[in-house]
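Asker: Now for the letters of each chain:
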Amino acid sequence: MKIILYIGHHKVGSTALQAFLARNWLPLARAGILYPSVEAHGFAGNLKSALGAGEAFEQLPIQIREPHSALAYRMIADVSDRPIPPQFQGLPATPQMFRALRKQVEHLQPHTMILCSEALSNFGQVDPELVTRLCDVFPGAKFQTYCALRRPDDYITSWHGQRLKVGETPPALWEDGFAQYRDGIHFDYRLVVQAWQDRVPGGRMILRNYADILATGGSAEDFIAQTGLALPADTQPARRENTSLPLASFALMDRANRDLGAHVAHPLSLYLQTHGQVLSPVPDSDIEMFGQEQRDQMADAFAPIHDHLNRLARTHAFFPDIDEMRRTRPVPAIDAARRLLAVFSPQGMPNPALSDYIKTLQANF
Amino acid sequence: MKVVLYIGHHKTGSSALQGYMARNWHALAEAGILYPAVEAEGLSRNLASCLTGKETTKKLPLVVREPHNALAFAMISAGTGTPMPHFQRGLPPAREMLRSLRHQIDLLQPKAVILCSEVMSNFAKQAPGKIEELATLFSGAEVEIYCTLRRPDLYLASWYGQRLKFGQKIAPLRDGGALAYRDTIHFDFAAMIYPWQTAFPRARFHLRNYADVLAAGGAVEDFTAQVGVDFPAGLVMPPRANPGLPYAAMEIMRRGNQVLNRADRLALRSFLLHRTNVARLPRNDEVELFGAETRRELYQSFLPVHDALNRMTGRDAFFPDLQDMLIAHPIPETELPLPTLRKVRRNIRALLLPRAVRGFLRDLRKDLSRR
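Listed in order, the protein sequences are those of chains X and R.
The opening position of the first sequence corresponds to residue 1163 in the working numbering, with each subsequent residue numbered one higher.
The opening position of the second sequence corresponds to residue 403 in the working numbering, with each subsequent residue numbered one higher.
Keep in mind the hints are simulated off the structure, nothing from the lab.
The beta-carbon is built from N, C-alpha and C at its ideal position, and this holds for glycine as well.
Treat the hints with care, as some may be off.
[Stated by the list, open to error] Derived DSBU-like pairs (lysine-lysine); straight-line CA-CA distance at most 35 Å:
(1) R:Lys456 - R:Lys513
(2) R:Lys571 - R:Lys460
(3) R:Lys456 - R:Lys404
(4) R:Lys768 - R:Lys745
(5) R:Lys513 - R:Lys527
(6) R:Lys456 - X:Lys1304
(7) R:Lys527 - R:Lys461
(8) R:Lys745 - R:Lys461
(9) X:Lys1164 - R:Lys456
(10) R:Lys461 - X:Lys1164
(11) R:Lys768 - X:Lys1304
(12) R:Lys460 - R:Lys745
(13) X:Lys1164 - R:Lys460
(14) R:Lys460 - R:Lys513
(15) X:Lys1304 - R:Lys460
(16) X:Lys1304 - X:Lys1164
(17) R:Lys571 - R:Lys404
(18) R:Lys461 - R:Lys404
[Said to hold, decoys possible] Computed, partial: chain X to chain R, Cβ under 8 Å:
(19) Asn1208
(20) Leu1209
(21) Ala1215
(22) Ala1218
(23) Leu1270
(24) Pro1272
[Unchecked claim] For each label pair, taking beta carbons as the anchor points, the in silico distance ranges come out as:
(25) X:Gly1423 - R:Gly542: 52 to 58 Å
(26) X:Pro1301 - R:Phe568: 30 to 36 Å
(27) X:Thr1294 - R:Arg604: 38 to 44 Å
(28) R:Phe489 - X:Gln1271: 21 to 27 Å
(29) X:Gln1221 - R:Asn644: 43 to 49 Å
(30) R:Asp632 - X:Gly1379: 44 to 50 Å
(31) R:Arg604 - X:Pro1508: 51 to 57 Å
(32) R:Leu539 - X:Pro1247: 25 to 31 Å
(33) R:Asp632 - X:Pro1508: 56 to 62 Å
(34) R:Lys460 - X:Pro1301: 22 to 28 Å
(35) R:Asp632 - X:Asp1360: 54 to 60 Å
(36) R:Gly542 - X:Gly1346: 44 to 50 Å
(37) X:Pro1394 - R:Arg642: 48 to 54 Å
(38) X:Gly1216 - R:Phe568: 38 to 44 Å
Next comes chain X alone, as it looks inside the complex:
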């Protein structure tokens, strides 16, 4: 049996790939390609697809879409004090999840199994032994590892936006925000890839630049092409998932999370994900999130990491446009936020409390 490990990174289309694999669970399983569940909700979802039972999902529950994120977070929690995210609470113990994987392999006898989670990108930093622990569940299997990486200025911006989107209040990027990411997996990609490179038995890692993935057509398309998956004819195409906040809204979302708290600010996040891009007078490509000084720090710090990736990928420049990291964009983040705020109609907000809040911001932001 071949096992394909998709280990991340964050913000490179993993949600779209996971949704593609989950929505196509049945045709893939019939073709001998297993995207396995690890707990009860996922199993029930797969039985539902196999039987064609009940009403179709409007949106796939996260446990069905991202079973291996549940597994990864559970494994991480086993060896660290990192809590399991709230959306994955109530999970079984890791040995039960491993048992679930083994039993599916035993009964369904797939020729290929796919484990896919951006949360696996944390293993190298948390405890590299986790990689070995996972691979040891499948003695004798042939492994292939796939990892997508994004130029770090783009990546950090996108990851920071994800945190704002879900109500966090991280230090603002446009002040000295780069520092919070410098020593972890969100900048030092060596921590993402090296443990897998060292510990996965056999096989060379498929390391992909996100720009190339976009050129291929998206995360699912690139993953399929690169791993050589032979898809059955009846698979449904991938869709766009996990919409992002427009860069112009970052400063507004940051302020709202601090003023209102995550719960109250959440409808604003949803509103901005839906309408922000259209409303924003400044396109993302023109908005500067870091400032020149931070960009230079970032570029200098990334040079050895880039060299490492070049060696791993056996290329001269894994990110051919790496010099773009030093180039500032014309509109500062705060200015872009003010211009977006100016075009908001308070009446268009999802609830009266947010209408009042937007009026206040328009008066004093």
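With chain X's structure known, arrange chain R on it following the hints.
Answerer: Just chain R now, with coordinates in the frame of chain X:
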């Protein structure tokens, strides 16, 4: 949604019914009847049966065949702190199994759910709160509860044989030994059922006499005829499940359990179950396991239980042949081991038994010959 709970009793054909539900899982699910798995092995096998569209002809693993016994053991374990039986180890805890059950009901939206476990009969004495827990889980559903009961002397003989098969070191039923069961669910059938009636006051109860179940053709035939579920046509019957020890071999097994280690007990059990020529042994209805005096005491003790069953079912006599409990069979079991052993000795397959088992049989034969 309808929920049908098969709550027992032991030794009334539950294995056959469970085998039937498990083997026909896919056909039942397609008809909107869910026999839910509760852990990964069962769920994986059910997924596999969806993919292939046909039921396997292979012998199914225990937890696939009897998922709700695993659930019942796990619920008892959660309620009492007792460990799971050795043959049910490595499974998830009860809360995880119940979570699995809820998710399947939520997502598959079945017309009927069938839980089938004779181990649930143990709830009444061991963990009555678990009956309430099930009532809460299925509040809002239309519930039917099915339970088969067997005349207590026949039941106790069969349950005794089951315990011997499991290798337990137990006292014989004769000389008053059977009276020790009087305060348990293995004798006080009314006490086994009362908590279910209390927890499910609106449920429809099917209390069945095992003699009537046999007359209907067996556990599968009776269950599917009695409960209000439309079973699809074309379901396949499983192979015969859970054969019992012949009464004539029980004393050998009982003595073997006292002295042999677990592996050797299993070898002896397998030999007595599958390799003795049952046709050459006295029939069960010729072998007496209790003795006349023990039978009389059992009968007297059972009368109030029988009255309670009559009231529950509105019948004059739930067991019309109850007085037959008093009739002792002609051959006391204590007279049987030696002739049985002589027959075993002539069985060529006995040569393949482990050395310790052959030694045990030889010593037993010598010991009995001297008397």
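Asker: Which hint numbers does the structure go against, in order from smallest to largest?
Answerer: Failing hints, ascending: 11, 17, 22, 24, 25, 27, 37.
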